[in-house]
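Q: What follows is each chain in one-letter form.
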Amino acid sequence: MSAVTEILPQLLRGLGITISVLLASAIIAYVMAFIAGLSRVSQNVILQKITAVYVEIFRGTSLIVQLFWLYYAIPMLFGIQLGSNWWTGVIAIGLNYGAYLSEVVRGSILAVDKGQTEASIALNMSSFQRMRLIILPQAVRMMLPEFGNYSIQMLKATSLVSLIGMRDILYYGDIMRSTNLSQAPLIYVFVLLVYFVLALPLIWLTRKGEANSKKGVAS
Amino acid sequence: MSHNWKWETFFEAMPIVLKGLGITIGLTFACFGFALIFGFVWTFIRRIPFSPIRWFVTWVMEFIRSTPPLVQLFFVYYALPMVPVIGVTLDPFTCAVLGIGIHYSTYIGEIYRSGIDSVDKGQWEASTALNFSTLDKWKKIILPQALPPTIPMLGNYFIIMFKEVPLASTIGVGGIMFMANSYGALNFAYLEPLTIVGIIFLLLSYPSSILINRLEVKLNTRFDKNALIGKSPKKRFFLSKNLEGSDRIV
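Protein sequences, first through last, are from chains C and Y.
So for the first sequence, numbering that gives the first Met the number 0 puts the first residue at 0; every next one is plus one.
So for the second sequence, numbering that gives the first Met the number 0 puts the first residue at 0; every next one is plus one.
So here's chain Y without its partners, still in its complex pose (with noise of 0.2 angstroms):
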């Protein structure tokens, strides 16, 4: 069965693909937005100085990592609404946002820790000795040192999460790819939708990579004047390492 590509497919399928676009990239803010702040609760539980809590976080967080991320979107969207006591049931874009979002938070707060990691043990000290406040000592000393340069690696999560986006045209949110294969099912030509989408992601996230990569090399000067003050080259070296990975998912 051989198909030629048709150009009127193309162009009647380029304003129903286009129309999903918003939600697409609607999806991924929010998704991007939850991971961001509930990245912040995985790194804060595993700084809890009791050390089962922090092994039993460890390994949820591995678990959650290393199992599909289509897998927990069924299990939001199917499960969670059997779930006794607390099932609740949920609109499709609820459920993506809740699963790739919680899929990715585990990512990101891998990425604060490093963050965190990063800023020189003077700095704690420091902060210690002038008696600041635990408060104190993370917004005005701790964060501000630890976030900035992890901005690069969170803009990359940001155009993974994009690509991963497309998964939730599996339980039904209107995105580009769900329209691309309504459009493809109903006429029998899923040829040209599909490129359509190839076409968006490609228009979309190339010029954003190279962005990020742009404020890559912005912030990793600035931040390896601060490693020179900090007179320790070795981590200098193991941190533009691990910053300069501007594709290493894990």
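Pulled out of the complex, with its shape left as it was, chain C reads as follows (with noise of 0.2 angstroms):
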């Protein structure tokens, strides 16, 4: 009982980074997602390329070295900083991510039905009005449990920011192991824990989101 009052406390100094930063690159994602989904499906062959090699150099390689680029590299060939650490952390995981939710948002705009495009053109609706009135109310349901999954990806690999040096949960968890090996077990359930509490409210938001994309979608 002591060790639980020891290493919970300790845990949670790091929970403001890992909500943040969950919270921060998911923005980003959400809206990279919208830009580069949209840019994929319109008319435009340049954006549509431009955008194909985003999503294309973002999920080609893997979350751990875009962020040790974005954190070695930018600095070194641009002679910029990000900012700080944090600034790394939530772009590195944001543009992965919207990379992965754009091809969620395009999959879903494509796959509502060709009628209602054709019908909205009847209705003499500009493009814009077809997409914001039609196409994407319906499309926007569809990619509601897909969103939730991303998200809880994505809380996921807030972890990842331990890496560079954010003081997130997962650092906390590395310093007390490093001062107290024998309690290694009961610290990393409890940072499992911490994580898995946190996705909770994620994973019941999906199953919701789940269960509201399978009601009036015309098909």
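Since the hints were derived computationally from the structure, they do not count as laboratory data.
C-beta atoms are modelled at their ideal positions from N, C-alpha and C, and glycine is treated no differently.
Wrong hints could be hidden among the right ones.
Computed cross-link-like contacts, BS3-like style, restricted to lysine-lysine with a CA-CA straight-line distance of at most 25 angstroms [unchecked claim]:
1) C:Lys-214 - C:Lys-113
2) C:Lys-48 - Y:Lys-136
3) C:Lys-113 - C:Lys-48
4) Y:Lys-162 - Y:Lys-138
5) Y:Lys-162 - C:Lys-213
6) Y:Lys-136 - Y:Lys-18
Chain Y side only, calculated, beta carbon under 8 angstroms to chain C, not exhaustive [stated by the list, open to error]:
7) Trp-4
8) Phe-39
9) Tyr-77
10) Lys-162
11) Ser-181
12) Gly-183
13) Ala-184
14) Thr-194
Dock the two chains into a complex; use the hints.
A: And the structure:
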């Protein structure tokens, strides 16, 4: 029992970093997903090609490589600092999952029945109106469960920022483990439990999104 | 501190990083093989007709898949030797296989499950009617139909695991990421070796994802024919939708 009261408060010191990295990178990822997803279904070939390169680069290499690359290479290559380690982590996770999610956005838009597009053309809607009023409201519902799933992935990915020196939950866990090796199993079980508790609302939202996406979509 | 790209560093780092390539690929295959086998364990435990076990295993899977693989890796490497009674010290490579393999086996178990669920109910009924034994039923009727449509999804997981394997560099497995980092630390030149790692990943994972997409088209058409015989358009829609999500992680 004393171990619990010792370990948990130590770990929770990292909670703020983990949650702030998750929220910020999720916002970047969602924004990038819609920008890149919509660009890839646009008529503009140049826009399509540029986003395809972005998506393939970020999906083709692994997150840890991108994280280290941003951490070491950007300051060296361009002589600019990304602000701080926090920004490096957030940008890496955000751009990486933005690339994955853009495929979800693209897939969902393409999955909306063709008849919907045809009908909205027949009703003389502009392409902007068509996207905003007809296609996206149906596509977004289909995206919901995937957005939930990828948000859980992003939560897991935030643990990587401890590798670039951010003081998140895993960082404090590692510090404790290095001073007290015999308690390592308990410490890591607690780290895992904290992450799981953080994931629970996301799991719940994903299930809700799944239920939501099933009803009322024209097919 | 501005530092320009140096081609000499690039070519000096190249052979050193490439030394780790064999280990990275070997580790990917080992993790994938472990996950393929262990995935069956989850799938079969979840079919036990005793709901507390099913419920428990479902939550264990949910727990494993929604917590970071990096922490699980550290758990296997640092904490497992400290666990009383069963604690054993393992080398980093085995730890990586266990850690990453168990994490992804939960995903692969789900894939098997979706494959088994996709087999038409009539096939179960017919094989029962023909008096097949349980083993024969699985071996001759269910699995031959359940597994082929899962192959493209498993292929995707192979690529995903290839991209996850650099995590093992944190516990000292000498893959390409480890080589690049140690070269960087020695010469204080991270830019070039890390770029090499990125290029290697792009060169290996992009062509394989194209190959898997082709395989997917091939197996899906075969599968669609089966579904047509089963006369179940709704199920066909559900499955092809499931199978097409080539990059869906969960």
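Q: Indicate, hint by hint, whether the structure satisfies it.
A: Results for each hint:
1. C:Lys-214 - C:Lys-113: At roughly 19 angstroms apart (the allowed maximum being 25 angstroms), Lys-113 (chain C) and Lys-214 (chain C) satisfy the hint.
2. C:Lys-48 - Y:Lys-136: violated (50 angstroms)
3. C:Lys-113 - C:Lys-48: Cα-Cα ~24 angstroms, so holds.
4. Y:Lys-162 - Y:Lys-138: Violated, at about 33 angstroms.
5. Y:Lys-162 - C:Lys-213: At roughly 32 angstroms apart (the allowed maximum being 25 angstroms), Lys-213 (chain C) and Lys-162 (chain Y) break the hint.
6. Y:Lys-136 - Y:Lys-18: violated (47 angstroms)
7. Trp-4: Status holds, d = 7 angstroms.
8. Phe-39: For Phe-39 (chain Y), the interface hint is violated, since the closest Cβ of chain C sits about 23 angstroms away, which is over 8 angstroms.
9. Tyr-77: Check passed: Cβ of Tyr-77 (chain Y) comes within 5 angstroms of chain C, closer than 8 angstroms.
10. Lys-162: At about 4 angstroms, which falls below the 8 angstroms cut-off, the nearest Cβ of chain C leaves the hint on Lys-162 (chain Y) intact, so it holds.
11. Ser-181: Since chain C brings no Cβ nearer than about 12 angstroms to Ser-181 (chain Y), farther than 8 angstroms, the hint is violated.
12. Gly-183: For Gly-183 (chain Y), the interface hint holds, since the closest Cβ of chain C sits about 7 angstroms away, which is under 8 angstroms.
13. Ala-184: This interface hint is violated because 10 angstroms lies over the 8 angstroms limit.
14. Thr-194: holds (7 angstroms)
Figure legend: structure checked against the earlier numbered hints; hints not met, in rising order: 2, 4, 5, 6, 8, 11, 13.
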